[in-house]
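K.L.:
One letter stands for each residue in the lines below.
2 protein chains.
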Amino acid sequence: MKHIVFALLAGGLCWGQPDGCKPSSLNIPGSPYPCVYPDRRVAFRVAAPDAQKVQVHLGGAHDMTRGADGMWTVTIPPQVIGFHYYTLSIDGSTVSDPATRTFFGSGWDNSGIEIPEPADIDYYQPKDVPHGQVSQRWYLSKVTGKWRRCYVYTPPDYDAKKTRYPVLYLMHGWGENEQGWHTQGHADFILDNLIAEKKAKPMIIVMDNLNVAKPGEDAGIFSARWLWPAPAPGTGGRPRFGLNGFTGASFTEMMLTDLIPMIEKTYRVLPGRENRAMAGLSMGGMQTFLTTLSNLDKFAYIGGFSGSTGGFGGKFDAKTSNNGAFSDAISFNKRVKVLFLGIGSVEGPRTKAFSDALTAAGIKNVYFESPGTAHEWLTWRRCLNDFAPRLFR
Amino acid sequence: MKHIVFALLAGGLCWGQPDGCKPSSLNIPGSPYPCVYPDRRVAFRVAAPDAQKVQVHLGGAHDMTRGADGMWTVTIPPQVIGFHYYTLSIDGSTVSDPATRTFFGSGWDNSGIEIPEPADIDYYQPKDVPHGQVSQRWYLSKVTGKWRRCYVYTPPDYDAKKTRYPVLYLMHGWGENEQGWHTQGHADFILDNLIAEKKAKPMIIVMDNLNVAKPGEDAGIFSARWLWPAPAPGTGGRPRFGLNGFTGASFTEMMLTDLIPMIEKTYRVLPGRENRAMAGLSMGGMQTFLTTLSNLDKFAYIGGFSGSTGGFGGKFDAKTSNNGAFSDAISFNKRVKVLFLGIGSVEGPRTKAFSDALTAAGIKNVYFESPGTAHEWLTWRRCLNDFAPRLFR
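So the protein sequences, as listed, match chains A and B. Residues 1 to 393 (our numbering) make up the first sequence, in order. Residues 1 to 393 (our numbering) make up the second sequence, in order.
I should point out that these hints are in silico values taken from the structure, not numbers from a laboratory. These numbers were taken from a predicted model, which means no experiment stands behind them. One or more hints might be untrue.
Under the rule of at most 25 angstroms between Cα atoms (straight-line distance), these lysine-lysine pairs were calculated in the DSS-like manner [to be verified]:
no. : chain 1 : residue 1 : chain 2 : residue 2
1   : B       : Lys265    : A       : Lys162
2   : B       : Lys22     : B       : Lys162
3   : B       : Lys162    : A       : Lys162
4   : B       : Lys161    : A       : Lys161
Bound conformation, chain A alone (with noise of 0.2 angstroms):
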């Protein structure tokens, strides 16, 4: 079973790849190229017959080789398991690899190429079991004044049961959207599976968009700017690249005015904080603290994956940082049944330094490490695998 979900997309014949290297999961029908060898080296092949220097980014810059029949290749170092977007550079050109599907990451369509776990590792795939679906689901927000997507996860037994189900926000990180976790994430297999194991409960999970700019506010947090390079007339050359501008505070207003009323409206949902959860990945999780330490009585489960308020605004002070949120230990551990802290181990300790100062301050906290692997869409899979289960208990 493993994989087979991406044979629709990967097609069937795949010649002219050396021996052992397998096509990865995310090309286009039928593409040999990219392909991963089993000790994780990748070998790549674009058309480029005129040009002078074509480059791979993944992990750093690749030089390709040109062939005779103006086919340019490359065989990299192994790689990090999971999943990573890269790009070509085509003569200074920074383009997608037409060999893959095209992911939303950095604010464009990037390729993306998946570095498989050992076979025996299955939960974010498709089984045999009963699943649930995910929905697209357009609104008008008040709050920006246009129409908005989000996507809509539903359990399996959604249709049949006629209960109702605790809800679970989950966010992109930057440059990404709404489709992420999905697409890239495979929230919807994870929890199928986590779900017929009767490991978490049935719930709802909702996939917005980070990005909210009320009228009259900058848009352009999620810019891949090396697009357009010129400065704006009238911003004397303002960074657009970052997160400049990006307060999440519109978000929120946009999350408790229009979203979670449209969501409570339009599915079959319980109702309340203890059935209410917010999450997100990098500026998501970050977007995730900014919301929910501010609303403790809209929220009782809050988790960052590789993203939290740690590390940002200067030293933690338990008393004083996040406006005091975290002040009285007792009152917080009593309201928020699930404070998760998860990242992957090649990220850096911050995340466990903030971790442990929580824990120092007396604040309940679960800290998820996710072996071996980078700040990437692998290390959140494992990250809502986890945290998953430990909600509305």
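Let chain A serve as the given structure and place chain B on it in line with the hints.
P.N.:
Using the frame of chain A, we list chain B on its own:
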């Protein structure tokens, strides 16, 4: 309300582009290019500092000009309204333009541009009416042994009304996939608007993937062959681009064995042929005719949008063509409630000729011609908008 749907994607601030040139609704957030002038000329800009030759391929190849800043630009002549795939050529390498969202066509993720219709035409835009939802549905196919994905539109009142609905099976074209009809085609908004105006009956729409290969069959019918120009070992250079090997028989078998039973088990569906329609565009129209004409006990409504059996397999003969499906006009007209043939006016006369031949043979049919459009998604949006109101009456 016009185009407000894409504000989420196209972002807010846009600078650096010429006066009066509006960013395409399909651009990534914040990208000022490509942009469309009121007279439908289109301006492109691409960062390629070290390239020798850069072209835009949209209705032919257009050379771009390098500026001192390494940005290449071109303004191309007025384009036909509608949705168009396009690509860049950078020193001979065919890639998508990083400035737009990508869309699966010709077997890979192309760039897309939308040349707007006049502002008062909004049948495929989101309006402030009740919205249905599009759900991703995975199912395991007995015929192929693989997991497959379809998307299912359920009408706005599906959850509230608890009634049963008729079903339209709606197919994409060559090189596209199950994402096309709701991403490029806006089938969901078209139906939301028709249902709100009581022009169409509420219905379920199933959008599946034409690519069905049984074990041992060639899955490569959607291949972007230019990506791997070397012939397959042992195939003698058999071309993989085009309809080679496509008979449609495996799709029909999968549809009857796997898809329809899964849909009728999973959703509240009205039973029987008079509650079942099938339509498709281009190759999906061919598939529709192949499947329905040999299974008239299962389908009462048939639609071909820029695609049918007309013109294939030699001269049309009502007695013998399509295994004699049209040989008894009286019986055919009793069983088939709507036989719909749509085409863009600039696509040529073949569909009109087929409609006339059917009419001459006594076969009732609806001929729909979309004014001023080509073999692209605007033709097919208009076809659906005309076809859906005729269903299930």
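K.L.:
Quick one: which hint numbers does this structure break? Sort them smallest to largest.
P.N.:
2
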